[in-house]
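Start from chain A and add chain B according to the hints.
This is what each chain is made of:
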Amino acid sequence: MAETTPPATPAAQPALPPAGPDEVALTIDGRPLVVKKGTTVLQAAETIGLLVPHYCYHPGLSIAGNCRMCLVEIDKMPKLQIGCATQAAQGMVVRTANERVTRMRRGIMEFLLINHPLDCPICDQAGECRLQQYEAAYGAGFSRFNEEKVHAPKRESIGPHVMFDGERCIKCTRCIRFTDEVSQSHELGLFQRGDHAIIGTFPGKPLDNPYSGNTVDICPVGALTLKEFRFKARVWFLKDVPSVCGGCARGCNVNLATYRNRIHRMTPRFNPEVNDYWMCDPGRLSYQALEERPRLAGPVVRRAAGAGPADAWSGALDAAAALLRGVKERSGDQALAALVSARLTVEDLFMARRVLAETIGVSRLAVPPHQDGEDDRLLIRRDKTPNGRGAALVGVGAPHAGRVREIVDDVATGRVRALVVIGEDPLGEGLLTSAALAKLEALVVIDWWRSPTAEAADVALPACGYGEAEGVFVNFEGRAQRARAAVRPTGLADPTWRILAALGSRFGLPGDYPSASGVFDEVAATAPAFAGLSYRALGELGVRVQET
Amino acid sequence: MAYEPLLLRNIAKPGSETIDISLASGGYQGLRRVLKELTPEKFLEEVKAAGLRGRGGAGFPTGMKWSFLPKTRDKPRYLCVNADESEPGTFKDRLLIERDPHLVLEGIILSCFAIESRRAFFYIRGEFHKGARIFARAVEEAYARGFLGKNILGSGYDLEVTIYRGAGAYICGEETALLESLEGKRGLPRIKPPFPAIVGLYGCPTIINNVETLANVTLIAERGAAWYAGIGRPPKNTGPKLYCVSGHVKRPGVYEAALGIPLMELINERAGGMLHADRPLKAVIPGGSSMRILPAAKCDVLMDFDSLVAAGSMLGSAGVVVMDQSTCMVGALLNLAGFYAHESCGQCTPCREGTGWFVKILTRLERGEGRAEDVDLLIDVASRVEGNTICPFGEAIAWPIDSYVKTFRAEFEAHVTRRGCPKGAAAFEVNAMSGTGH
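In order, the protein sequence lines correspond to chains A and B.
For what it's worth, the working numbering labels the leading residue of the first sequence as 1, then goes sequentially.
For what it's worth, the working numbering labels the leading residue of the second sequence as 1001, then goes sequentially.
Next up, chain A with everything else stripped away, as it sits in the complex (with noise of 0.2 Å):
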């Protein structure tokens, strides 16, 4: 054979590398590989980072094989298969990118791009659309279809949260598998037949139920948009900062799209041990809490006991100290007592007891509950707290009604004398009441925002709110996760975990707490069930503290 032959004569397989008996050895694009026995074509492509391109499929539900972007070559099938339904064989040699896949993709591309409307410039989903980033990789880049457009209802809402546009939707069907399969709703279909075909909900059954948010985030291209996001950004501004929802004990991974100091979208982050794919909305909106409360911006003294403040937090804090302090004087620990949150970090409830139990000597700490509904069988959890686990791991003690109830009862009684409220607002909850409050001669309250509790304090010191400061909670299950911090603080905020640090030091507290980190190594090495554990060991996913 001359030297010359060109090597695109089809080169000879690479030898397979062996198989165990519950695995199989293939080619894919000549690149040997061992999978499972039951990998698809796709998922196996996929283990050596080959993408090939897809619509319907999605790991979280059922395969439909219906976009046929995923269509491979294998040898001696006469047809093309669908990388997503085609199980992996032994033996077998797929082609994923020759020029009859090529050009059977530049097809598809077409046929779907023919009834879309093409309308990126005012579509949400512009920048991470399916068809943008496949049309530029796989598409003609034009277009041989000259006619009139088959015409669908756009900004239709079919839900409290979702807007449908039945142009752009390429009819993949995530929805409906979604809203058959995991919500288990069911209340999406898709109606008429060929090229007016369509999604749609039954009738009087709107797309209402506590997960139909997900849907907008597995629709690939833009027919799904949810309302609270609807041109607030353009996607490509977007910042996603992985963290943890606060909404319940749960913890479902997020990310938080974030631009501009402000927190755009929650979505979903994969998390196989805690919550897949989804997050339910009530989580998805939770957000938007932080900018729809009036916010605690900055220190607030309206009992002084000592000297002029230095400046505005040294002196809240100086205030704050010498009114516990002189409680402390007067009428002894046993009139010291505080309300923490279990919706505060790991970081935060560790330093609470330090400083509040430990060094200030607040004789009683205690953690309300916050229960609503039911547990779902899905992710929604009755504990509507992210840390009520974490606050039992730290020693400050798991949420207890009764505990509460005591000291709201001494407070009443005047046996309290002085108050610590950290995230929490038994006012405006109706735990406590004003007359009670005005019974006391230190109300010291930690939050992020002017709750009732907060605007009736003595001194009230401005906390980060949820997204503005890391810290690690533990959800029911026991795994500890790292929210994380996506927007810098609104005014003069403080981690709560610095602020109490700062009180403390005014106690005498021993050491210095540089960082949330610093303070989640000192709890790891105090606290048995966070032994070993440091920000960098909880990693992205978390990890299951040692059960005691």
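Because the hints were derived from the structure by calculation, they are not lab data.
Keep in mind that the hints are not guaranteed to be accurate.
[To be verified] Here are the simulated BS3-like cross-link-like pairs (lysine-lysine), alpha carbons at most 27 Å apart as the crow flies: (1) B/Lys1192 with A/Lys37; (2) A/Lys36 with B/Lys1298; (3) B/Lys1048 with B/Lys1071; (4) A/Lys37 with B/Lys1150; (5) B/Lys1192 with B/Lys1250.
Relative to chain A, chain B alone:
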């Protein structure tokens, strides 16, 4: 020698749909013989030996299809009868159902016995009101005479038959869409594998057979595999066949002949020849609207599975549509494309989008708004539909598009250069066919 009808032996008799007429002409004798003398395996072998191929369109060997059932018995097995006859140009099953339902029903019982199924579902096209009524009566009669129900003819074999009426969708004739519809869901074809023999109705092993196929099973039971295998063109094209002749012939209708009757004999002798003496044959669709068209020059062909494949088309459902020289092929194709655009289930991309696109291009051509590139565009778009869809519907539209345009290319080009239909587009209502009838 004149052909002695087998499948249509009773249809001309008054009351041919009743069990008495059926019994008088030897009905259920085959069933008696099989239940008494044969095991299911033996009878399955007999059907295999007869060489029976499915009459629904694909021509797959029936016995082999049955043998794909898993050997395990952990789930019930079902027989689904595909009586959703909807292919344009095809009307043979309807005749059997309405005129000789017991020939079909006996075949159902025999087939269920062969595949060891105790439950058959008769899925009948929604528009077949009369057929559904007649078949329901036939089932009642069979129950009353002990051919259905418990312990059939004292054999210990039980079988229940349920009639299910479709809601009027062509796609439900595709066997997996039929299963979905039967399960009460929207009739969307399933992705295969798994095939119905493994995972079919309600997730159980299922065989789907065409009405005419099952009628042939009755014949095999009556007179044996050796006799049957001698009919037609053995070894691969055996048995009698119903041909539906329509279009420009003097006597359109259903004609029975042995597999392999010459197409021209079917047209000229059975169907009485061309409708107008001065309008010679232009083209024939040999196997229902989904099959590739044959120009007159290629019509010297035998009407069996393999001969038609060799001629570049397929026997399909044997719906023979005859077109004379007055036919505008653009208009004819537009008519077909409109049907397929209307009936595409909308599930998978190439078919959903492609069928509508064909209609739009063809409508422009017929209206005189075509562009020179449209002719090649049709062929190219068809090539991107074919082979890339979930079910054979993609081929069912791609094959006509490809074959009409390639075979009659000059006529398509003339629509562009002469800015309209040379025949005046009178034969077809362009507007009505523009795919907006949803």
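Right, here's what the structure says about each hint:
1. B/Lys1192 with A/Lys37: Holds: B/Lys1192 and A/Lys37 sit about 18 Å apart, inside 27 Å.
2. A/Lys36 with B/Lys1298: violated (52 Å)
3. B/Lys1048 with B/Lys1071: Judged against 27 Å, a Cα distance of about 18 Å means the pair holds.
4. A/Lys37 with B/Lys1150: violated (44 Å)
5. B/Lys1192 with B/Lys1250: violated (43 Å)
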